[in-house]
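Visitor: Residues per chain, in single letters:
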Amino acid sequence: MYKIAIKDLNTLFSKIAEEQELILPIKKAGQYNFGVYEEGCDIDGILTNKTVKSGKDAFFPQFETLYNVRKKITPADELENGEEAANTKIRTKLTIEAEALKDKDFVIFGMRACDVKGVEVLDQVFLTDPVDNYYKARREHGIIVALACHEPEESCFCTVFGIDPADPSKSKADVATWIVGEELCWKPITEKGEALTKKIESLLASADDSAVDAEIANITSIMDKLPNTKLSLEGWGKGKTDEKFNSDVWQKIYTPCLGCGTCTFVCPTCQCYDIKDYTTKDGIQRYRCWDSCMYSDFTLMAGGQNRTSQVQRFRQRFMHKLVYFPDRYDMYSCVGCGRCVDKCPQSLNIVKVIKAFENEQKEAGANV
Amino acid sequence: MQGLIDRLTALLSDGTVARVIGWKKGDMAYNPEPHMFETAESLKDFVYDGFCGANLSKMMIEASKLEGKTAVCLKPCDTYSFNQLIREHRVVRENAYIIGVGCRGKLDIEKIKKGNKGITSISGTELDGSDDIKIETIYGDKNISYKDALLDRCHVCKGKDHMIFDEVWGESKDTADQERFAEVEKIEAMTPEEKFAFFRNELSKCIRCNACRNVCPACSCRKCIFDNTKFDAQQKANVVSFEERMFHIIRAFHVAGRCTDCGECSRVCPEGIPLHLFNRKFIKDIDKFYGEFQAGKDPEAQSPLTDFTFEDIEPGERG
Amino acid sequence: MSMNEEKTEFRPLIVAFCCNWCSYAGADLAGSSRLSYPADVKIIRVPCSGRVNPMFILRAFERGADGVIICGCHPGDCHYSTGNYYARRRMTLLFSMLDYMGVENGRTRVEWCSAAEGVKFSNTMNEFCEKVKSLGKSVRLGDIRCKD
Amino acid sequence: MCNCGHDSLVPQIGIITGITQETPDVKTFRVNAPDGGKLFEHMPGQCAMVCVPGVSEGMFSITSSPTNKEFQEFSIKKCGILTEQLHSLQVGDEVTVRGPYGNNFPVETEFKGKNLLFIAGGIGLAPLRSVINYCLDNRENYGRIDILYGSRSADDLVKLKEIQEVWMKAPNVNVYLTIDREQEGWDGHVGFVPTYLKEIGFSTDCIGIVCGPPIMIKFVLQGLKEMGFTDEQIYTTLELRMKCGIGKCGRCNIGSKFVCKDGPVFRFDQIDELPNEY
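First to last, the protein sequences are chains A, B, C and D. Residue 262 in my numbering sits at position 203 of the first sequence, and the numbers go up by one each step. Residue 67 in my numbering sits at position 60 of the second sequence, and the numbers go up by one each step. Residue 108 in my numbering sits at position 97 of the third sequence, and the numbers go up by one each step. Residue 505 in my numbering sits at position 1 of the fourth sequence, and the numbers go up by one each step.
Derived from the structure by calculation, the hints contain no laboratory data. All values reported here derive from a predicted model rather than from experimental measurement. Please note: incorrect hints may appear among the correct ones.
Claimed, not checked - Derived lysine to aspartate or glutamate pairs resembling EDC-like cross-links, with alpha carbons at most 20 Å apart:
1. A:Lys-299 to D:Asp-776
2. A:Lys-421 to B:Asp-234
3. B:Lys-118 to A:Glu-210
4. B:Lys-118 to B:Glu-95
5. A:Lys-297 to D:Glu-644
6. B:Lys-193 to C:Glu-138
7. D:Lys-616 to D:Asp-659
8. A:Lys-335 to B:Asp-234
9. A:Lys-289 to A:Glu-419
10. A:Lys-335 to A:Asp-116
11. B:Lys-120 to A:Glu-210
Please model the complete structure; the sequences and the hints are all you need to start from.
Guide: Listed below in structure tokens is the structure:
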């Protein structure tokens, strides 16, 4: 265990950024978002405020190029006779240049335990066969420095999913950190984390492991007081498809849903994406960008199928998080970060969905 | 509030209306959600307080296609949007029973949350509540003045009168205490470099979630141009490109002359982008170039962009 | 002028939307009268200036244009009676918005130009090109994916 | 399962080496690797993403049989932006192809030694053709083969030449053709596929493989069940909007299954377990 004074953080960050890219929450136009550290960027309050988007961008960016296609079109009349041989007349010639994979290490600082769990969820999707190499390369080169939640908010409910916000060393992070008074405690967990720590050792003072005990106890007691941490997941999970899918609760609760993508874009685990082409001056760029199952064009086909109504799309999102994903990967794909609770324009969110089903069950029980 | 619930219950019970669009109590102190109540019994969850900022007029597009009348609770500024929707033939006036609910300004939870984490309860936000609201958090209690927690849009309130209603419930208050175009003028006075830096800084936060569009009562196209796969417009890329700026300019342009300045876009933006600055710039220009115009004030008025005079100023001129 | 110099000199890319009935014919006349205007002006023919969607203008900038000009029939002469009046209001607002966002006003322009005004067309284009040239390359609305 | 090479999202270049106009709106494209060989090996029922760069990319079933060692074929009906663009291509043009994706018909396991009944409507023949040809090329492994194929009109019957010249002449193969409405020059059967199915009345000692428009599948399924077929005896292929092809982009998700990865071939008892969203 090491420590550094919080007032010296900027020195620490610029030291880390000297050797590799550093991604951390940055205050920009009043909001906290993960961004690349630059000299002079605003890091005021980044230790205690929740970012709007989770850090999943660092591994699965909202926009990334997959490959470029160069097109060379030869008009038929310009073809030399020799080329016309064997039924292969060259007209449109293509070359594909795949985008280079991430090959340099980078550090992402300030992810919370829920964000790290979110990455674990993404791992399930992107690292199972067939592996997504773009994601894998980022994952291999990323060093996660997680931060214990100093001030959990009322929208937080990560403990419901078995996440411990007080002790990120239990998560898949490489380094765990805690705010203890005026200092930041720093504990490397993995080899990657050790290596990073070695590089910045000159700035760190050693500390006792017990230094963070009070902070952990404090956070745990706060979590107990928060309203959403009592949420029960009974009735969700593996094999509940029929029961939940056919429930009429969806119809009752979906109406306010605007069909915007806010909840999916701020979510640490939503991984649906779109692949599109962009024609540039000298080629075609094939890129991937986040998409949302809430959008009407998400699954739209020429024949008009499927999931044509907002209630179906609404149901899909929550069924996917709470039933389909557990079915497939044996874990919930919600981490209780509370971002959708904070950001939904209509104040609709996964907590309300779970509670609505709970109430329904109670009422049904009362009627029997 | 009980008076309002009683009235709505009566309307539902005597068959005047088949359903009520209002707000349903949230699971926290500050998150009521828009809801369609179909039974008198379900109205026990009805709520109306300072956090009921949502403009319910857009929900009437779908509701006015249903059988029977729909009672809808509209605040004074929402009635402008409703009028505009009538103007565009998107709602059927006869199918709506408009309850003009009083308003003393709506609260911005982001402002309240600043420095107040772990909120467990908030009191004093009702229409007849006090000038101070009391916030209880797990980290301690605090009082702040209602006025300081108002949404930005309420500081340029369009007035306390409902433009259209069947009956009014509760007192309204004009909360305007700022110049409507002050922010716009501040930007206009900047150099091109400063203007660009300002907007780039704000818009680079955009995540293209489309909440601004989907909540906007003026964005009532059945199929948005930005959802059209057959056209180049559907680019979901952002962050690195010009797309998000393009999206916001075009969106503002599409609602120019129809935007009532209800401020929903800025309220819902998860990144807190002041999107109303685009709309308000168009409103300011329209006022200046073509005469004062408030969309939704008069459902008969011709929209400035579907109108012209022979003497209009030339593009690029400053009027 | 050597090849080298030619490369370094900035030549603005201008997109001109010309209405089919007046301005496009005006451009034709300019051509057949052997009046010169810069080759950097790329003309896109539209049925009416009222056809010009604000998105066209933004797309042009996005794809690397340094200036955009819209030419239509003189007010009162529109082939479709009123198309250019609507265009006038739209463009007034759009240009004002672009200015508001920090795109210099000189990069956008609307000019009414009839089929008989070949001279005016060529003068306008020359003038506009000079103006855009003095403003330099458009860097604010370009999409980085389109950069060289 | 996926033998799509190093990177699942980066395609190969495929060169169009042959185009056959099957019907007024269906063309069959023969695709080769640029050096002349085959793009990849596949199994009957698998799909591939075919893309015209700058336009769009779409999932198409591979209609040629794996036993064809020279090339892959895609029968594509013109019905959208991408397919329209594909139809405008000529021999020698290049497209990008990635795949093969998805599972395949269990030709080497469950189908082996059984009698097979293929029921197809319109362009629904495309995915079944690879199975049929595979079975015909390994004739000794399968029992009786019945093929019931219908279309809107005689002109809309895909691969008619192959049907008449190869399938009809193969040993122990019965081909039943039908068209929806009376037509001059057609002396075969007239009527919808499900109705014709009942008229013929197949025995239940075979495996049913169905593909066609959703409405046809619905009624064929009904018909088969009336005849005594069980869900475990009937196979079909599903189609949904797809973008990645590898079970990650989330579009073709139904329940806990991804059509692109766990499908497109499903047995009807498997489909029954899925939420009704396809």
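Visitor: None of the hints should be skipped; say for each whether it holds.
Guide: Now the hints, each set against the structure:
In summary, the hint linking A:Lys-299 to D:Asp-776 is supported, as the alpha carbons are separated by about 15 Å, within the 20 Å threshold. A distance of roughly 41 Å separates the Cα atoms of A:Lys-421 and B:Asp-234; the hinted pair therefore is violated under the 20 Å criterion. Between B:Lys-118 and A:Glu-210, the direct Cα distance comes to roughly 18 Å. Compliance with the 20 Å bound is thereby established for this hinted pair. Between B:Lys-118 and B:Glu-95 the alpha-carbon distance is near 35 Å, which puts this suggested pair outside the 20 Å criterion.
A C-alpha spacing of about 43 Å is found between A:Lys-297 and D:Glu-644, which places the hinted pair above 20 Å, so the restraint is violated. A distance of roughly 32 Å separates the Cα atoms of B:Lys-193 and C:Glu-138; the hinted pair therefore is violated under the 20 Å criterion. For the proposed pair D:Lys-616 and D:Asp-659, the alpha carbon gap of about 34 Å is over 20 Å, so the pair is violated. Simply put, A:Lys-335 and B:Asp-234 have alpha-carbon atoms about 13 Å apart, close enough for the 20 Å limit, and the pair holds.
The straight-line distance between the Cα atoms of A:Lys-289 and A:Glu-419 is roughly 17 Å, inside the 20 Å bound, and the hint therefore holds. Between A:Lys-335 and A:Asp-116, the direct Cα distance comes to roughly 18 Å. Compliance with the 20 Å bound is thereby established for this hinted pair. For the suggested pair B:Lys-120 and A:Glu-210, the alpha carbons sit about 13 Å apart, so the restraint of at most 20 Å is met.
Hints 2, 4, 5, 6 and 7, counting from the list given before, are not met by this structure.
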